[in-house]
Amino acid sequence: MGPLVVYEVISQNTNLLLAFFIGIGFGFVLEQAGFSSSRKLAGVFYGYDTVVLKVFFTGAVTAMIGLLFFSLFGWIDLSYVYVNETYLTSSILGGVIMGAGFIMGGFCPGTSFCGAAIGKIDAMIFIVGLFIGVFIFGEGYPLWEEIYKAAYMGTPRISEFFGISEGLIALLVIIAALLMFWGGEWAEKKFPREEY
Numbered sequence: 001m002g003p004l005v006v007y008e009v010i011s012q013n014t015n016l017l018l019a020f021f022i023g024i025g026f027g028f029v030l031e032q033a034g035f036s037s038s039r040k041l042a043g044v045f046y047g048y049d050t051v052v053l054k055v056f057f058t059g060a061v062t063a064m065i066g067l068l069f070f071s072l073f074g075w076i077d078l079s080y081v082y083v084n085e086t087y088l089t090s091s092i093l094g095g096v097i098m099g100a101g102f103i104m105g106g107f108c109p110g111t112s113f114c115g116a117a118i119g120k121i122d123a124m125i126f127i128v129g130l131f132i133g134v135f136i137f138g139e140g141y142p143l144w145e146e147i148y149k150a151a152y153m154g155t156p157r158i159s160e161f162f163g164i165s166e167g168l169i170a171l172l173v174i175i176a177a178l179l180m181f182w183g184g185e186w187a188e189k190k191f192p193r194e195e196y
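With the first letter of the sequence shown counted as 1, position 34 gets the number 34 in the working numbering; the numbers rise by one all the way through.
I should point out that these hints are in silico values taken from the structure, not numbers from a laboratory.
Just so you know, these numbers come straight off a predicted model, no measurement behind them.
Positions of the beta carbon are idealized from the N, C-alpha and C atoms, including for glycine.
There's no promise every hint is true.
What the hints assert, rightly or not - Quick list of simulated restraints, FRET-style, between CB atoms:
id	residue 1	residue 2	range
1	Y152	T14	33 to 39 Å
2	V55	T14	27 to 33 Å
3	F45	L179	17 to 23 Å
Unchecked claim - Below 25 Å or equal to it, Euclidean Cα-Cα: the simulated DMTMM-like pairs (lysine to aspartate or glutamate) are:
id	residue 1	residue 2
4	K54	E139
5	K54	E188
6	K54	E31
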């Protein structure tokens, strides 16, 4: 819930309660957008359905612009917004593994729970696989700890990393989103799928 707890605007318990309701709302929106369908999700990789791409890019751009304007008006201090630490090697390896799982299973971790919540058996099996993967990673951690912690980069923001303003980063992301929307529309016409 952002830095509201840090500023003591709300308590930790209120923060958890709000996160619970936001999570339910997020799951509802995912299901309404069709993200409980593995075919719809996999459609991004095959080009016949790019709704997932459009929804997530829209969410990212909306959140980015909101945070940027809140920061400009002094309503939020971006230095209090948590940024995950970056371990480049494990980020790339994790992205490849998750991407492969996404293509093969048709779900990511969040959408698999969305699908399971409405009774999709393939989503439930995907969740079982997810927990098996977490267990293997946790139990075998000493074996790949060195790889996991390789190429540590701290918590850089893209604007800091490239030495440009946050406003310019926002503009570039918006342009990238528009290009992706255009590319998605082109792909849907080029690779149509009648029924899924």
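Do the hints match the structure? See the list:
no. : hint                   : result
1   : Y152 / T14: 33 to 39 Å : 34 Å, holds
2   : V55 / T14: 27 to 33 Å  : 28 Å, holds
3   : F45 / L179: 17 to 23 Å : 18 Å, holds
4   : K54 / E139             : 37 Å, violated
5   : K54 / E188             : 12 Å, holds
6   : K54 / E31              : 15 Å, holds
The structure shown violates just one earlier hint, number 4.
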